[in-house]
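Number of protein chains: 2
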Amino acid sequence: MAVAFAGRMNGIKASEIREILKITEQPNIISFAGGLPAPELFPVEEMKLVTQKVLGEAGRQALQYTTTEGFKPLRQIIAHRMNTKFGTALTYEKILITSGSQQGLDFSGRILLNEGDVVLCESPTYLGAINAFMSYGPRFVEVPTDAQGMITEELERIIQTTDRIKMAYVIPDFQNPTGRTWSAERREKFMEIIGRYEIPVIEDNPYGELRFEGQRLKSLKSLDTKGLVIFLGTFSKTFCPGYRIGWVAAEEEILEKYILVKQGADLQSSTIAQREIAGYLEMFDLDLHIRDINRVYKARRDLAISTMQKEFPGGLSFTRPQGGLFTWVELPPHIDAREVLVRSLERDVAFVPGGSFYPNGGHENTFRMNYSNMPEDRLVEGIRRLGSILGEFII
Amino acid sequence: MAVAFAGRMNGIKASEIREILKITEQPNIISFAGGLPAPELFPVEEMKLVTQKVLGEAGRQALQYTTTEGFKPLRQIIAHRMNTKFGTALTYEKILITSGSQQGLDFSGRILLNEGDVVLCESPTYLGAINAFMSYGPRFVEVPTDAQGMITEELERIIQTTDRIKMAYVIPDFQNPTGRTWSAERREKFMEIIGRYEIPVIEDNPYGELRFEGQRLKSLKSLDTKGLVIFLGTFSKTFCPGYRIGWVAAEEEILEKYILVKQGADLQSSTIAQREIAGYLEMFDLDLHIRDINRVYKARRDLAISTMQKEFPGGLSFTRPQGGLFTWVELPPHIDAREVLVRSLERDVAFVPGGSFYPNGGHENTFRMNYSNMPEDRLVEGIRRLGSILGEFII
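Here the protein sequences line up with chains A and B, keeping their order.
So for the first sequence, numbering that gives the first Met the number 0 puts the first residue at 0; every next one is plus one.
So for the second sequence, numbering that gives the first Met the number 0 puts the first residue at 0; every next one is plus one.
Possibly wrong hints are sitting among the right ones.
The list treats identical chains as interchangeable, and a pair is accepted whether it falls inside one copy or across any two copies.
Stated by the list, open to error - Mimicking DSSO-like on lysine-lysine, the simulated pairs with C-alpha atoms at most 27 angstroms apart in a straight line are: (1) LYS297 - LYS225; (2) LYS12 - LYS84; (3) LYS47 - LYS71; (4) LYS297 - LYS309; (5) LYS71 - LYS12.
Calculated directly from the structure, the hints in this document are not laboratory data.
Next up, chain A with everything else stripped away, as it sits in the complex (with noise of 0.2 angstroms):
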């Protein structure tokens, strides 16, 4: 065999956290490594009714080929559902249906990025992101932030200090990895800066509307007098993953080149998911769904954050995130977490390791931990042989 790869290969990488998953598919082990929503609140009754009215009432239209745009009725729905949730001002023009948000990130590389550009993100960052991005050869400059999001002041002067820079990548609901969430000046700021500068933003929002408590904040995109945001949407966390059905939002002269390549990299995303979730959205309450999701997933953020607090010892720190998925622990300086997750795989619990999150490297004293996906119980026991562990790091 004598194939030779293309040198973009050379950067692609396999993800740490489908590679601790695969090794964390053992049931035994109590995970806090993937990313992945509770199963038990998924509405498997409710698509089966769905699914029978959508195969009755067009069938043979749902088992066809559709438009790469994607399906009206479903791209109307998601422009409404934007308006109101995220502030926007849509019309279905402006949504193209994409095979999970992690599709309108590797897009936006692909349109955007020439080898050697500069991709502005968080310090850290969503790996999934950096993952797709890599393929298209780009630098990425770290902007540090804080509790509040993106420190602009930092921006701003990295903006004026960098060549090449083509777009910033952010996440300003619930981050992953640390669950941070951008204040209402910051995002205000970021837009101003982004805007004097013109710098096109991809908006990753997949987390936005599981907020526990406090107030909800604008969207970026609902600042964008300038047309540079592109949102990306998802059902993953809020419905279920399994359609695969995410989207993004974006002025129609960008969105056509998402469409573009679209074209090309899989001519349109499944009929019959996005004839399902338009179904879905039709005949039951999302919003309701959401609520119940967000009473679980708050009930285990506190139990997770009250357990941590009293289990792990002293001398690292974590976020008390408002929403979302995912808790960000720092540990002291000198301790690797990679080294923690040896240790704590022989005790049957694992977490992913922060350094994977920092495209330059780095950080390896960090770690996420995901407490959305595991009953009350596991997710204490684990917690407190977590601790245990640590404790025996951080003498």
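With chain A held as given, fit chain B onto it using these hints.
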């Protein structure tokens, strides 16, 4: 708005087919333009049963994330089917589930092509593959073909005189757009040459099982002793396209790269779609279903060809495919099929001009006709109208 797109976007244009399909969405248009399977054959009632079973037995898993590689039972069924139908000797580890075979094309470009690398292809070749590869900036070198497939003497001559050949892309069974099938002898000779020069081959095979008559021929993958052939398969034509489920079959050293790219591109294909197709394949007999499809398509091909013989003027030629969805028309050299299309659309008949299937242009005197998607009366009426229009061009 000041968004600067990546350089690769210059090469990407809308698929002419998709654009024509949009025009032809009006029900009064008789369209030979699409590559759509006949929806009246879709197993709608069967899929109602399958979905109830899948959601009833494993609803939570069906709506959750799964592995990037895909649902293992489906991968096993596909490996087994390929071994039976295409003479391969695969295990499930060599199968990756993709979102249609179009995604396999995109990934092939991403994995193999640096800018300026050469793709060898048939002349003409599949427009969707040209579009997928264009993202990666290759040069296409068209190898002359005749009724037996790629002319292997020409192939060898081109290999000897061309630098930077990175892969060969071919559709040996009922090719899109010509409907032609490579002879057994050409397959053997092709693989001998490819093996000698160690060139990776993308064998695109969406139509192989849609044979109406004649002997089934060996797939290139079954003749592959050096692990050079990457086989792309799909359920879109033998089952239905709405689920967007296809696959890549390749040696593990290569497949590994496809899995990495899949992870960054969209994490995985739809969990429930994979489980539903596996469910269908367990509960029903796909071979029986394909026999029904072939009976209908054969009747339509027979009718299309006999009507074309009667209604088309002299001075042109067309293929008589032994399977698949398309026939290919060659007009006298001075006639531009795009001009014929303009006149046809005025009389509510559509087809795809052939020029787009030649990556380096030319051959505007050709067009592609689909015969699978239309009831018999409209097929005859459409060909009649087209024949009269062609008569105005060929005097």
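Let me make sure I understand: some of the numbered hints might not hold for this structure. Which ones are they, in numerical order? Those not satisfied are hints 1 and 2.
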